[in-house]
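J.: Here the protein sequences line up with chains A and B, keeping their order.
Sequential numbering of the first sequence, starting at 0, is according to numbering that gives the first Met the number 0.
Sequential numbering of the second sequence, starting at 0, is according to numbering that gives the first Met the number 0.
For the record, the hints were derived by calculation from the structure and aren't laboratory data.
Where is the CB? At the ideal position from N, CA and C, for every residue including glycine.
One should not assume that every hint holds.
Said to hold, decoys possible - Heads up, simulated EDC-like pairs for lysine to aspartate or glutamate below, C-alpha to C-alpha not over 20 angstroms straight-line:
1. K267(A) - D265(B)
2. K193(B) - E255(B)
3. K140(A) - E219(A)
4. K264(A) - E40(B)
5. K2(B) - E206(A)
6. K6(B) - E141(B)
7. K264(A) - E39(B)
8. K267(A) - D38(B)
9. K105(A) - E94(A)
10. K25(B) - E219(A)
11. K233(B) - E94(A)
12. K233(B) - E250(B)
13. K264(A) - E267(B)
What the hints assert, rightly or not - Computed list of chain A residues with no C-beta within reach of chain B, every gap over 10 angstroms:
14. D3
15. E31
16. N42
17. D204
18. D331
What the hints assert, rightly or not - Label pairs and their calculated CB-CB ranges:
19. N247(B) - L26(A): 53 to 63 angstroms
20. M0(B) - M223(A): 14 to 24 angstroms
21. D348(A) - P201(B): 26 to 36 angstroms
22. D218(A) - K99(B): 34 to 44 angstroms
23. E196(A) - Y80(B): 21 to 31 angstroms
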Amino acid sequence: MAIDPKKHEMPTQAPEVRAHNFSEVALGYDQETAVAEANRCLNCKNRPCVSGCPVNIHIPEFIAKVKECDFEGAYQIINQTSSLPAVCGRVCPQESQCEKYCTLAKKFEAVGIGRLERFVADWHNAHATEKAQAPESNGHKVAIVGSGPSGLTCAGDLAKKGYKVSVFEALHTAGGVLVYGIPEFRLPKSIVAKEVETLKDLGVDVETNVIIGKTLTIDELFDMGYEAVFVGSGAGLPNFMNIPGESLKGVYSANEFLTRSNLMKAYKDDPKTPIMKGGSVAVVGGGNVAMDAARTALRLGAEKVYIVYRRSMEELPARKEEVEHAQEEGIDFRLLHNPVEILGYNNPDDPRDPKNGFVSGIRCVKMELGEPDASGRRRPVAIPGSEFDLDVTAVVIAIGTSPNPLIKSTTKGLEVNSHGGIIVNEDGLTSREGVYAGGDAVTGAATVISAMGAGKVAAKAIDEYLSAK
Amino acid sequence: MYKIVRKRELNPTVTQMEIEAPLVAKKAKPGQFIILRVDEEGERIPLTVAGTNPEEGTVKIIFQIVGATTELLNHKQEGEYIQDFAGPLGVATHTEGIRKVCIVGGGVGCAIAMPVAQEFHRLGAEVTSIIGFRSKDLLILEDEFRACSDKLVVMTDDGSYARHGNVTVPLKEMLEAGETFDMIITIGPLIMMKFVVATAKPFGVPVTVSMNPIMIDGTGMCGGCRLTLNRDGKRVTKFACVDGPDFNGYEVDFDEAMSRGRMYFDYERHAHEEVCNLFKNA
Chain A
0 MAIDPKKHEM PTQAPEVRAH NFSEVALGYD QETAVAEANR CLNCKNRPCV
50 SGCPVNIHIP EFIAKVKECD FEGAYQIINQ TSSLPAVCGR VCPQESQCEK
100 YCTLAKKFEA VGIGRLERFV ADWHNAHATE KAQAPESNGH KVAIVGSGPS
150 GLTCAGDLAK KGYKVSVFEA LHTAGGVLVY GIPEFRLPKS IVAKEVETLK
200 DLGVDVETNV IIGKTLTIDE LFDMGYEAVF VGSGAGLPNF MNIPGESLKG
250 VYSANEFLTR SNLMKAYKDD PKTPIMKGGS VAVVGGGNVA MDAARTALRL
300 GAEKVYIVYR RSMEELPARK EEVEHAQEEG IDFRLLHNPV EILGYNNPDD
350 PRDPKNGFVS GIRCVKMELG EPDASGRRRP VAIPGSEFDL DVTAVVIAIG
400 TSPNPLIKST TKGLEVNSHG GIIVNEDGLT SREGVYAGGD AVTGAATVIS
450 AMGAGKVAAK AIDEYLSAK
Chain B
0 MYKIVRKREL NPTVTQMEIE APLVAKKAKP GQFIILRVDE EGERIPLTVA
50 GTNPEEGTVK IIFQIVGATT ELLNHKQEGE YIQDFAGPLG VATHTEGIRK
100 VCIVGGGVGC AIAMPVAQEF HRLGAEVTSI IGFRSKDLLI LEDEFRACSD
150 KLVVMTDDGS YARHGNVTVP LKEMLEAGET FDMIITIGPL IMMKFVVATA
200 KPFGVPVTVS MNPIMIDGTG MCGGCRLTLN RDGKRVTKFA CVDGPDFNGY
250 EVDFDEAMSR GRMYFDYERH AHEEVCNLFK NA
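Could you build the full structure based on these sequences and the hints that come with them?
T.: Set out below in structure tokens:
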């Protein structure tokens, strides 16, 4: 049977419909499509896809189970190495990981590994009747700081080995960036809640409203009998551009904009937490967070949404599918554009005009690509005299974050690098004995799956450390 | 869930509650704040800690009923629970090296100023307190301030109680009479703090101001609470939740802070009206 050169299409809500709602964009494969897609897999002996996966999911093996219509069997294989399959199937940048190394991709489109993973996880969540069972306790206690992807992964791996794990979360809901950052239309919050429930079934204790570094310190966690600590506290304070106008009303960091909409549910009708809706919005940046913010602004009723990014499409770091979805929905990509000033409304005749101090526009300069810089990407250079203004009522700045200072400032002997990221060795061990770290708290803003990979590495190292103790 | 152990009305618009939160009670220091949510779908609001009882495991908060969330909170009764209560957040008020301090509080800001005054008193510093209110009906915590102050001046804007005028009047008199302070700490409406700074400036007395911008997470994540400092000729962005809430009053851009504080003014007024109607119809 000849191999279909193309992946089976992911069914999605039509762009003109989904641009006005917060329901999930991608609808997922049905059984028939999943089996057909699985049948494209060559089941290569050397499994190149597995080495492209930060958590080394046994990809050909789970796909083989899908071919046999043994979906629960497929789930059990994924579950051996991944604690959050329903999440990863949705948010991983597969095109630069597993699917990049797929043998098929040399001639055709890669197998839709991410889509199959999502199908299997959703099938399990819809059909599984047995709850995960807590294994027999080994008597060791481990504390996890932060309930984002790295913390949940580390917690899951350790709980499966019999550790008594407590996860401490600063916010009121567990999930970290999965609940405050990634929007409902890309990752429904019910899926995150389900993954957290599964961890609780494994015996993991989740304590919300506990800010490590403030409510309790890492030293106090050791005093309380925890023998190892994993810090997955995530990225911290948003970066700004340090251009004029960033304090005007209507200028948001992406963290604030997305937190208001996602965690605080400002996207719902009659929300308790306000957010500026409608108008026209410029989102500065080109990563996944920028795409999420732009598409959120559109769904909140903006008439016009721009992505303002200083490099070209080739350098745009966002996941390919999100960029395509954003384009289909009508987001206006202003590439090779760099903001130089945010403009504000100011009525010279009436200092009490309520519109005073609100955003009225963003001044950009056009860029061209010059020589490669330290990152290997071609450095954007401003074209003199090319400034022009976009009329907008809100600006969302999505140019990354700096690590949160709360833990390093209250933990003696915890070394950080010049950017404030916690320094770890290849096992995730910090400069403090028994303290491990991973995810954005170490690397600065990165992806969900790389954070999960770090949580996994640390879980293995913690297990070895405490087993040898 | 966090239990409301005690509730007391300080005046018709200001309420004091003691909330069961043992971990916070053990840690909180004067000048720090907490974040709470009243119910499941509620917004997160920051409130400064007005006192703690570590033995009992309770934290005292004092709030003015100004919007939807504080209105909802005020309708909770003793023995009932609120959804979330997290802290302590922010940096505690610096007390080292300060032997003689002037505390200037305005309105409900006095609730935050009180534990700061008490802390200085406990540390043996000489405490002068100036507290101001719009009128006699809104006066709070006079006895508490008297107990921890070497000198107390009470002001009302309308002259309905104690001295007539605003807090900068006695402050200016004291400074002109040659009184010196190691530090003036002011907590209250932005406009009042701005004028306290302006009053102190000719005399070169350092002023610490306590900022209360709009916040969401309060833990150094969203950046909504940012403010601008003018420092050494440069504009510097700081975050009230992790760098503050106390800042050098001479550096703070008050006009910007006042403008930012009104970002959701229309929304908030509308939301408060809706909640009030809810209770009226109930």
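J.: Regarding the assertion that E31(A) does not contact chain B, is the least Cβ-Cβ distance greater than 10 angstroms?
T.: Per Cβ check, E31(A) is outside 10 angstroms of chain B; nearest 40 angstroms; holds.
J.: Are all C-beta atoms of chain B more than 10 angstroms from that of N42(A)?
T.: Consistent with the label, N42(A) stays out of reach of chain B, its closest Cβ about 44 angstroms off (over 10 angstroms).
J.: Regarding the pair K233(B) and E250(B), is the alpha-carbon distance no greater than 20 angstroms?
T.: Holds. K233(B) to E250(B) sits at ~10 angstroms (cutoff 20 angstroms).
J.: Straight-line Cα separation of K105(A) and E94(A) no greater than 20 angstroms?
T.: 13 angstroms, holds
J.: With a cut-off of 20 angstroms on the C-alpha distance, tell me whether K264(A) and E40(B) pass.
T.: Given that 20 angstroms is the threshold and the Cα spacing comes to 8 angstroms, the pair holds.
J.: Taking C-beta pairs only, is D204(A) more than 10 angstroms away from all of chain B?
T.: 15 angstroms, holds
J.: Is it true that the CA of K25(B) sits at most 20 angstroms from the CA of E219(A)?
T.: 12 angstroms, holds
J.: For the pair we were handed, K264(A) and E267(B), check the Cα-Cα distance against 20 angstroms.
T.: Satisfied, since the Cα-Cα distance of roughly 16 angstroms is no more than 20 angstroms.
J.: So if I understand the rule, the pair passes when the alpha-carbon distance is 20 angstroms or less; does K264(A) with E39(B) pass?
T.: 11 angstroms, holds
J.: Can you tell me whether the CB distance of D348(A) to P201(B) sits inside 26 to 36 angstroms?
T.: 34 angstroms, holds
J.: Confirm or reject: D3(A) is not an interface residue toward chain B, with every Cβ-Cβ distance exceeding 10 angstroms.
T.: 45 angstroms, holds
J.: Please work out if K267(A) and D265(B) have their alpha carbons no farther apart than 20 angstroms.
T.: Satisfied, since the Cα-Cα distance of roughly 18 angstroms is no more than 20 angstroms.
In this structure, the one hint that does not hold is number 11.
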